[in-house]
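J.: Given next are the chains, with one letter for each unit.
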Amino acid sequence: TSLIRVVQFPLQQHVKAKLEKAVIENKGDVLVFSLCIESVLGKADYNHNKVNQWTAAIVEQSLTHLVKLGKTYKYIVTCAVMQRSGAGLHTASSCFWDTTTDGTCTVRWENRTMNCIVNVFAVAIIL
Amino acid sequence: MSEQPSLELAPSTQVTAEDGTEAPQPRATRRGSQPTAPSRGAEEGKAPQLLSRRSSVLSTLLGPPGSRRSSLGAAPGGKRPSVGPWLLHSRVSFTGLPLFQPIPETHLENTYRMRPEEGCRFNAGRVQRVLEGALAGVLGGTAYSPQGSTVLVQSLAELLRSRAKEVVPPRYKLVCHVLLGQQGQQSMLVASRALWDPESDSFASASFFNASLFAVATVHGVYFE
Numbered sequence: 001t002s003l004i005r006v007v008q009f010p011l012q013q014h015v016k017a018k019l020e021k022a023v024i025e026n027k028g029d030v031l032v033f034s035l036c037i038e039s040v041l042g043k044a045d046y047n048h049n050k051v052n053q054w055t056a057a058i059v060e061q062s063l064t065h066l067v068k069l070g071k072t073y074k075y076i077v078t079c080a081v082m083q084r085s086g087a088g089l090h091t092a093s094s095c096f097w098d099t100t101t102d103g104t105c106t107v108r109w110e111n112r113t114m115n116c117i118v119n120v121f122a123v124a125i126i127l
Numbered sequence: 128m129s130e131q132p133s134l135e136l137a138p139s140t141q142v143t144a145e146d147g148t149e150a151p152q153p154r155a156t157r158r159g160s161q162p163t164a165p166s167r168g169a170e171e172g173k174a175p176q177l178l179s180r181r182s183s184v185l186s187t188l189l190g191p192p193g194s195r196r197s198s199l200g201a202a203p204g205g206k207r208p209s210v211g212p213w214l215l216h217s218r219v220s221f222t223g224l225p226l227f228q229p230i231p232e233t234h235l236e237n238t239y240r241m242r243p244e245e246g247c248r249f250n251a252g253r254v255q256r257v258l259e260g261a262l263a264g265v266l267g268g269t270a271y272s273p274q275g276s277t278v279l280v281q282s283l284a285e286l287l288r289s290r291a292k293e294v295v296p297p298r299y300k301l302v303c304h305v306l307l308g309q310q311g312q313q314s315m316l317v318a319s320r321a322l323w324d325p326e327s328d329s330f331a332s333a334s335f336f337n338a339s340l341f342a343v344a345t346v347h348g349v350y351f352e
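Residue numbers (our numbering), protein chains in the order written: chain G, 1 to 127; chain L, 128 to 352.
Fair warning: there could be bad hints in the mix.
Said to hold, decoys possible - Simulated pairs of lysine to aspartate or glutamate, EDC-like, Cα-Cα distance not exceeding 20 Å:
1. G:68 / L:324
2. G:71 / L:352
3. L:292 / L:259
4. L:292 / L:245
Keep in mind the hints are simulated off the structure, nothing from the lab. Treat the numbers as computed from the prediction; the structure is a model and nothing was measured.
Please model the entire structure based on the sequences and the hints provided.
T.: Right, here's the structure in full:
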């Protein structure tokens, strides 16, 4: 007879959240977001009149994709589209959250005339 | 040309959550005695039957994957201090290795609050004023430089986050995003969209222009249920 008692605990909420965070930061999602951007911007040239609807479309499609994942997260998606003119650009973000359950994902995309940076922040809700 | 360091500050998250916020649950760091498998087997005849059961419970409890720390810590040569554990640690296993008591994981009680209290919302106007003041103060006399701007933008993000943290009510998680660029002849658009509870969550943004640079800062505040 064994003296070992194997106890099974149900997955606790915070452990589940950590697993979900790993999914969010999975590099596979980066590919999906780049495809979102590609489908909207594609081979277009920077057009000041159209850039509004482009960014709206990119952000909307990214958010839809995130919602389809079906996790208990709040999402923030930011998109910056800039005309390529040789000027430099730096971005940084600082977050006050629970590092074990919340995560972020960044996608950079560019073509001949413009740069696009999409940031996705996922903030967990503990139910 | 563009860099994206996004900083997740684990230590400050724990430290600044003292103001009544329901702190994000502290990570459970558990150190099991290193040779759990053999000790379990060989300890049948020994007095610590209690010990074997405890170690078995420890090893089956779910924890952060891959974070088991060796109880010895960094001992590259594998040298065991001969008298050390007996002096330093109250419990020593039969192998002479120190046994650490399991650190109890603190589970915070449910506060059953799903929405912020009345009057305790994210005040977008106030945060925007704070952001504008901070941006003008830091970037007032600065010129754009490729090397310096990297550090500048990171420190600016942290500064804005700490300033926003002061004026935001507790139980709010903050995401602060800063874009700093060289002022050229280009055009740029920054957009953001979020999936959240519009009654409790909001954002504030501010921008600053200079002869040589421009900066756009956004702070999103998300209520932590």
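J.: Which numbered hints turn out to be false for this structure?
T.: none
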